[in-house]
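Protein chains in written order, with the working numbering: chain A, 2 to 588; chain B, 1216 to 1547.
Mixed in with the good hints, there may be bad ones.
Claimed, not checked - Here are the in silico distance ranges between beta carbons for each label pair: (1) A/Leu61 <-> B/Gln1491: 45 to 55 Å; (2) B/Asp1291 <-> A/His576: 55 to 65 Å; (3) A/Gln544 <-> B/Asp1535: 38 to 48 Å; (4) A/Asp473 <-> B/Asn1514: 21 to 31 Å; (5) B/Gly1237 <-> A/Gly118: 46 to 56 Å; (6) B/Ala1287 <-> A/Ala177: 37 to 47 Å; (7) A/Glu181 <-> B/Tyr1251: 31 to 41 Å; (8) A/Phe457 <-> B/Gly1379: 47 to 57 Å; (9) A/Ser456 <-> B/Leu1515: 20 to 30 Å; (10) B/Val1259 <-> A/Ala188: 31 to 41 Å; (11) A/Ala177 <-> B/Arg1226: 50 to 60 Å; (12) A/Val525 <-> B/Leu1515: 28 to 38 Å.
Claimed, not checked - Each computed DMTMM-like pair below joins lysine to aspartate or glutamate, with the alpha-carbon atoms no more than 25 Å apart: (13) A/Lys435 <-> B/Asp1452; (14) A/Lys503 <-> B/Asp1425; (15) B/Lys1528 <-> A/Asp473; (16) B/Lys1540 <-> B/Glu1277.
As the list claims (entries may be wrong) - Covered stretches of chain A (in silico footprint by chain B; criterion: 3 or more residues with CB under 8 Å from a CB of chain B, positions within the stretch not fixed): (17) 99–109; (18) 448–457; (19) 550–556.
Keep in mind the hints are simulated off the structure, nothing from the lab.
Small disclaimer: the values here were computed from a predicted structure and weren't measured.
Backbone N, C-alpha and C define an ideal beta-carbon position, used for all residues, glycine too.
Take a look at the letters that make up each chain.
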Amino acid sequence: MRIVTVRRISQFFFFTMFLWFCLVTTIGEEWWQLRGWPVNLFLQLDPLVAIGTALTTHSLYWPLLWALPVIAITIILGRFFCSWVCPFGSMHHFVGFLAFRKKGPPEKVKANRYRKGQCLKYFVLIFFLVIAALPLAKGPGLQIGLLDPISLMSRSVNLVLLPVIDSLTDIISVSARFYEGAGLILAVFLAAVFLNLLIPRFYCRFICPLGALFGIIGRFAIWRIGKKKVGCPDCKQCEKACQGGCTPSGKIRISECVLCFNCLQDCPHETIGYQTRSSLAGEITNPDITRRGFLLSAVSGFFVLPALRLGNALGSNFYYRLIRPPGALPEDEFLKRCIKCGQCMRICPTNVIQPGGLQPGFENLWTPVLNMRIGSSGCQLNCTACGYICPTSAIRPISLSEKLGLDEFAQAGPVKMGTAFVDRSRCLPWAIDKPCIVCQENCPVSPKAIYTRTSFGTVRDGILTIKKADTDIIETIENQLLLEQFATGDYYCLLEDGQRRKIETNTENAIVVSPAGLFEKIPVEGEKIEIQVRLQRPYVDIQRCIGCGVCEHECPVSGRRAIRVSAEGETRSRHKSISPKGQYLQE
Amino acid sequence: MTEDERNNITRRDFIRRTAKAGVSLAVAGGASYLLYDSAGPKAVSMGEVIEKLPDFSIPHREGQVISIVKGADRVDTVNRAIDLLGGIERFVKPGEKVLIKPNVAFASPPILGATANPQLVAEVVRLCYRRAKAGQVIVTDNPINDPESCFRLSGIGKSASQAGAKILLPKDSYFRTVSLVGGRLIKNWPVFAAPLEKVDKLIGIAPVKDHHRSGASMAMKNWYGLLGGRRNIFHQDINTIIAELAIMVKATLVILDGTQVMITNGPTGGAASDLQRKNTLIASCNDVAADAYGCSLLNLTVADLPYLDKARKGGAGTTDFESLKPIFASIS
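Using the sequences and the accompanying hints, generate a full structural model.
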């Protein structure tokens, strides 16, 4: 079999595998659901994730060791990953092929020539690596996830493509999945795809920081593409379908070559080989990194993160609506690890984990944030899926015992994501005299973190004058009551002598009290009665509240909720505590 | 080609072009005619509104309306309780489609008792299939928490499907707009009604639970799961909504499970200490009667739960369960 055919099979295999892993990132027991499929494989194979997190955290989280074989093979064979494994690359490869298939050979050769601008990707890489290595007070940040091809594609498939298919077909998940700001994710994805219409594999050649990394570490490759014999008539057939734009017809640029082997197949004179010796036509091994470009990218990397942090979102100006998933590391540590891949957002059974926006700052973009108004529930009490799937442990894989504060974690208490606060200006029993306490009912912890105090309030225009009375009925002079207005079981009448009785029902001008509580002393004509509503008003016990947001999700005040989770009190950061005892703080 | 020739067209070309123009005009005109809307959009359209759900109740049989069985094992007690009412064959005929509506409100494990017991649900499914020869048994609910998680964590999804039932998770298309006749709250409200249209019998299965707002969550409150939309707004008038639900839903049979009663921290519970063993299971042809007895397991009386009296007044059943000559039994 020809090597190009083998490459195509490999591309198809890994591309399908990638999509399959995205698809099975669904909680459930069916064979096509999670069940132990290695759904993080591509992110773990990605050396940029490994190197990026190693730079920020000075450690290599064990599942990321999978990147080592990829690095090793790249050192020996060159950029094999780009043309053989990378699903993003395969997609560009295919789209580029479609876009240029009707073009004549001269145009194809022209499209696949080397361009000076291909050095841009090295500067992108340097920019992000400098950010990841900065010795800042709060530590560096990891932003490679913005452009890392595996993160980008995972995010696009997880948060846009699959949910769109889902909303049209209803097959993959039972209820539709929602993701805030999916449009921007789609825009980036589509831009990357459409750029192939200008130049095939545009993203790979000009932007991809992972490709740049491979270009740098693959330049000493033992085997490489090159001229193996003389007699090349310079027909340029080899550049018709060259994927890297690496000039195989002349001095080949080793760091640009993505090992597609098209040149080897297309050369009618069989002058090109994959070999250990250098190309007879000469070769350029080093990436085209100019000193000026290097300095510019390094310096901008050096400045941009400190500049982004001038808002002090990691300090006193933290964004209080930034609720991270349970087990998320303290914010500075979290930002050293999150690659914005969207795995947690896809696995979350309640769809509450959402791609973050720009609100606390640019660093937050597409990182996981809980939005209680979206999805099917707040954070589910008996679930720790996000921590188990997180490929970089930005969200720690915590056990259910740790999350709930059971067994050996009883002393530490449950993991708090924040604290719920009642907004008394919107809460029905507080603001508009209506009974409710849906939040209390749905609070999943035991004992409930939401408790109530009962109060009686005189309703509007609720002072009436008695015309006639018996042990169970009062006729009033006023006759403007709405029929059964006070018949809900929540209304009481208060007599001047202090007797308070539950109202069973009412007519326009009469109040009937419940048979279980008749008047002991029959009120007399001319006395006043007050109609009162019994309200159970909610309060939050901040020691018990875990910030799961179920209350916020269920609150019937459906716009800006009357109970909302705020980041104060979250376990992961000491400085947001409002409890002097610090009972739930973690060292 | 001369200038003249270039500026002129042949007769054939002219006819062709005229034909194309004619067709285009016809399409534009025809489409305008077909789509023409002289009135403009109406204010708000509710679509089709239905006024009641199918009546699943079975003919009254004196002295066989409600049974109360004491015992620790739900499989034993539910079998006995249903037998005392005449056996499952009385409720489900061969080949019939049965819908079971357990309380699957929360994504909570069965040991915490916040949801219907999975073994109990499975046993009722088995009874329908094995003894009553039901054609199909469907188990469904529209839970509060994430539906899939609720069915999985409560154990009901697995146990019921192992017993042969089809699990139906709520979808938007299953809801119908309902305006209950005489209802005050259920007006133009989405109700989980589509599954009910396709079945012959309806069985409710609910645990007895403490409920801070209404006092108790039992067989009647279980029908809250049939409401769609942002149904939480009805908590402002909790007694009326529960009563209206009991009026709207006419079930074949309800099973009220007081084997382990959630006496505090309801309706979610969350700790084993919220439960108390009461070893009581009630089977009833009427949910109001079942709840009227069931509230005693929470040390409440009928007067403590205004929704019972409201439902009675609405004609949903009697709160005087003694008048129904309840059958008591005990399994040691």
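Verification of the supplied hints:
no., hint, verdict
1, A/Leu61 <-> B/Gln1491: 45 to 55 Å, "holds, 52 Å"
2, B/Asp1291 <-> A/His576: 55 to 65 Å, "holds, 57 Å"
3, A/Gln544 <-> B/Asp1535: 38 to 48 Å, "holds, 45 Å"
4, A/Asp473 <-> B/Asn1514: 21 to 31 Å, "holds, 25 Å"
5, B/Gly1237 <-> A/Gly118: 46 to 56 Å, "holds, 53 Å"
6, B/Ala1287 <-> A/Ala177: 37 to 47 Å, "holds, 43 Å"
7, A/Glu181 <-> B/Tyr1251: 31 to 41 Å, "holds, 40 Å"
8, A/Phe457 <-> B/Gly1379: 47 to 57 Å, "holds, 53 Å"
9, A/Ser456 <-> B/Leu1515: 20 to 30 Å, "holds, 22 Å"
10, B/Val1259 <-> A/Ala188: 31 to 41 Å, "holds, 35 Å"
11, A/Ala177 <-> B/Arg1226: 50 to 60 Å, "holds, 59 Å"
12, A/Val525 <-> B/Leu1515: 28 to 38 Å, "holds, 34 Å"
13, A/Lys435 <-> B/Asp1452, "holds, 9 Å"
14, A/Lys503 <-> B/Asp1425, "holds, 21 Å"
15, B/Lys1528 <-> A/Asp473, "holds, 18 Å"
16, B/Lys1540 <-> B/Glu1277, "holds, 8 Å"
17, 99–109, "violated (count 0)"
18, 448–457, "holds (count 3)"
19, 550–556, "holds (count 3)"
Hint 17 from the earlier list is the only one contradicted by this structure; the remaining hints agree with it.
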